[in-house]
Amino acid sequence: MKTYRKALFVVCVSAIVSLAGCSNKPVASTINEQATLTGPLPYNPLAWRVITSSVNEHKATMSTLYGNDVAVAYARANEGRPYPSGSVIALVTWSQRDDPHWFGARIAANAQAVEFVSFPSAAGVSPAYERYEGAPLARVAANEGDVKRIDYLVSQRAAVTP
Amino acid sequence: MESRSNARILVWLAAAALAVFVALQLVNPRLYSPPVTAELQAPAEVKRILKTSCFSCHSNEPQLLWFDRIAPASWLVASDVYEARRHLNFSEIGKLPAAQQKAALYEAVNMIQLDAMPLKSYTLMHPQARVSPEDLAVLKDYLHPAESVTAPDEAMKATADAQYTAWIHAGAAPLTVQPAPNGIAYMPDYKNWKVIATTNRFDNKTLRVIFGNDVAVKAIAEHHTNPWPDGTTFAKAAWFQQVDDSGETKIGAFFQVEFMTKDARKYASTEGWGFSRWRGADLKPYGKNAAFTNECTGCHAPLRHNDYVYTFPIAGQQ
Numbered sequence: 001m002k003t004y005r006k007a008l009f010v011v012c013v014s015a016i017v018s019l020a021g022c023s024n025k026p027v028a029s030t031i032n033e034q035a036t037l038t039g040p041l042p043y044n045p046l047a048w049r050v051i052t053s054s055v056n057e058h059k060a061t062m063s064t065l066y067g068n069d070v071a072v073a074y075a076r077a078n079e080g081r082p083y084p085s086g087s088v089i090a091l092v093t094w095s096q097r098d099d100p101h102w103f104g105a106r107i108a109a110n111a112q113a114v115e116f117v118s119f120p121s122a123a124g125v126s127p128a129y130e131r132y133e134g135a136p137l138a139r140v141a142a143n144e145g146d147v148k149r150i151d152y153l154v155s156q157r158a159a160v161t162p
Numbered sequence: 163m164e165s166r167s168n169a170r171i172l173v174w175l176a177a178a179a180l181a182v183f184v185a186l187q188l189v190n191p192r193l194y195s196p197p198v199t200a201e202l203q204a205p206a207e208v209k210r211i212l213k214t215s216c217f218s219c220h221s222n223e224p225q226l227l228w229f230d231r232i233a234p235a236s237w238l239v240a241s242d243v244y245e246a247r248r249h250l251n252f253s254e255i256g257k258l259p260a261a262q263q264k265a266a267l268y269e270a271v272n273m274i275q276l277d278a279m280p281l282k283s284y285t286l287m288h289p290q291a292r293v294s295p296e297d298l299a300v301l302k303d304y305l306h307p308a309e310s311v312t313a314p315d316e317a318m319k320a321t322a323d324a325q326y327t328a329w330i331h332a333g334a335a336p337l338t339v340q341p342a343p344n345g346i347a348y349m350p351d352y353k354n355w356k357v358i359a360t361t362n363r364f365d366n367k368t369l370r371v372i373f374g375n376d377v378a379v380k381a382i383a384e385h386h387t388n389p390w391p392d393g394t395t396f397a398k399a400a401w402f403q404q405v406d407d408s409g410e411t412k413i414g415a416f417f418q419v420e421f422m423t424k425d426a427r428k429y430a431s432t433e434g435w436g437f438s439r440w441r442g443a444d445l446k447p448y449g450k451n452a453a454f455t456n457e458c459t460g461c462h463a464p465l466r467h468n469d470y471v472y473t474f475p476i477a478g479q480q
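Protein sequence lines, in the order shown, are assigned to chains P and F.
Residues in the first sequence are numbered consecutively from 1, following the working numbering.
Residues in the second sequence are numbered consecutively from 163, following the working numbering.
Pulled out of the complex, with its shape left as it was, chain P reads as follows:
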């Protein structure tokens, strides 16, 4: 009798537990809050369209290159550089973390830097470079490495998007 009761108890508890597992409990939104860009930026690159994206496994970072309309239209139809006047491109770099939903994927963690290269309307004037770093993102003073960064950003080719 005792074992019968025990068995019945186990069956009932299991049934309740398994039903509870199926309930549609509301779950907090999965917005990637930590990857949000904070701080005053001259433009919001996330409002722009994408040119390409890349990863640095050694630094555990991921970057996405965005452009304003002029820049994106140009990058998707031309191999050659420079960009036409009025173009602004922006490279956002995030540190990476493992994707909690998928072993095998890495996603964005905190934003580390946002870089802008703008192409002036006047001929013969070299493009301007601005770099923002930290949390919140703040302007970094110009330095001798900037020329290399301009070359790097400008040389990225557009991802094939058929």
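Since the hints were made in silico from the structure, they are not lab data.
In this text, a Cβ means the ideal position worked out from N, Cα and C, and glycines have one as well.
No incorrect hints appear here.
In silico EDC-like cross-links for lysine to aspartate or glutamate, where the CA-CA straight-line distance does not exceed 20 Å:
{"#": "1", "chain 1": "P", "residue 1": "K148", "chain 2": "F", "residue 2": "D407"}
{"#": "2", "chain 1": "F", "residue 1": "K380", "chain 2": "P", "residue 2": "E33"}
{"#": "3", "chain 1": "F", "residue 1": "K257", "chain 2": "F", "residue 2": "E245"}
{"#": "4", "chain 1": "P", "residue 1": "K148", "chain 2": "F", "residue 2": "D406"}
Far from chain F by the CB rule (all over 10 Å, computed), these chain P residues:
{"#": "5", "residue": "R81"}
{"#": "6", "residue": "Q112"}
{"#": "7", "residue": "A113"}
{"#": "8", "residue": "A138"}
{"#": "9", "residue": "R139"}
Label pairs and their computed distance ranges (CB to CB):
{"#": "10", "chain 1": "P", "residue 1": "A73", "chain 2": "F", "residue 2": "P295", "range": "48 to 54 Å"}
{"#": "11", "chain 1": "F", "residue 1": "N366", "chain 2": "P", "residue 2": "A141", "range": "38 to 44 Å"}
{"#": "12", "chain 1": "F", "residue 1": "T321", "chain 2": "P", "residue 2": "S126", "range": "34 to 40 Å"}
Assemble the complex: chain P is given as a structure, and chain F must be docked to it using the hints.
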């Protein structure tokens, strides 16, 4: 007098139930197990875990307990095993190309990690099949050893370069693209949507950009993402990874673009989402027939509490 006839009825009922039960055993459709032809090749420790937790359903060597063999439970067991083998069969997995075997193992590990496998209904009766956190770590280490880094690949670079050159000179002329087998039409404008996330996948060596249409971007801004509103569409474009000489991983050749379109009524049979996918730079629709969506819903099922969406969207596009 009355209680005696009641007792009689009870005895008859019990006898009838027993007869039905015995008869059920005779119509018992026996679980047929074909021979093991191409078993998974893996280290002994990895195999031990998979044998303990997965092989009962996902192999041709089911380890059935006595209560699994009694009808009607045995019918359920047989149909579960047949379905499980269709998804993944460790006794025949060796026939698949290496990349597909690896993808299947990654999916298996993820189903375990998401607590979708082994099935709750199975571990309830077979608690020894549960995968411990230590065993899960063994499986992960096997699939992705800590020191693994991708190397440059000249042949893949040549493919990517040729594809880029062809694409950049093709101009804006749209390709003629066939609809997906479930009738969903190609959405060429995805490339002009906002980026809501990027991922790199070390399991299949791809880089991905996830785009959201205006409805999706508005939903993110308003934090109305569970469930996502009707009209939401995500596009996930994937490219092969291209490691350059500096060790940076660039976007290489275009691999595929896949879409999820939310319409709770129209797509009720596929969890409220219309799934579609096109592969290659020539955008060939994915799937032999409309049943290809079983793959999609199967993989997305563990995310039912998150409206079946894997992506963690970044906010701030508006």
